[in-house]
Amino acid sequence: MIQTLKDMLRRYCSFGTKFKDGKGYTHNWVSLFPAWEFAYNSSVHDTTGFTPFELEKGWVPYMPKEAVLSRTVVLHPTADSFRTMMLKAEKKASDSKREAQRFWQPLRCAKSSGPARCATAFSAEEKAGNRYFQRQHSNNPAALPLFGLGAVIDTRLLSLFGY
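In our numbering, the protein residues as written are 15 to 177.
Source of the hints: derived by calculation from the structure; they are not laboratory data. Each hint should be verified, as a subset may be incorrect.
What the hints assert, rightly or not - Only pairs whose alpha carbons sit at most 25 Å apart, straight line, appear in this in silico DMTMM-like list of lysine to aspartate or glutamate:
#1 K20 with E70
#2 K105 with D94
#3 K102 with E113
#4 K37 with E113
#5 K71 with E51
#6 K71 with D60
Using the sequences and the hints, build the whole thing.
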């Protein structure tokens, strides 16, 4: 309980009695005491499993984010640029994953339980042993999977679905 309060105070007091917010205005950190008290009293404590507000008053008050966030401090000016950089990296990874899923769609279709949605991509039949397979054809080499199993589908499987 006391350790949490010490941590909250230490984050602001280590920079002196004055701090600058995100807009460059200088403030006295003592003005943040009401917000700290409200945040401390509305957080769940490990020892009791309840908030002090809930134990004292029997209810948890609504916490207005805008009122509290308007008085917070931006401790590191590079934090926003780092956040922007991380969001760009996350978007790039998501786009790469989506592109890879689009590229490997024929492979997933051949292994899926419903080949009817992928049957139009297969046009030529080839015989392998006593079974006939339809092979995928495309003018775009990027659309073809690298593995042979992803490029073929059993014609018996297609006949089950009416193709």
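Checked hints:
| no. | hint | verdict |
| --- | --- | --- |
| 1 | K20 with E70 | holds, 22 Å |
| 2 | K105 with D94 | holds, 17 Å |
| 3 | K102 with E113 | holds, 16 Å |
| 4 | K37 with E113 | violated, 40 Å |
| 5 | K71 with E51 | holds, 15 Å |
| 6 | K71 with D60 | holds, 19 Å |
When held up to the earlier numbered hints, the structure conflicts with hint 4 and nothing else.
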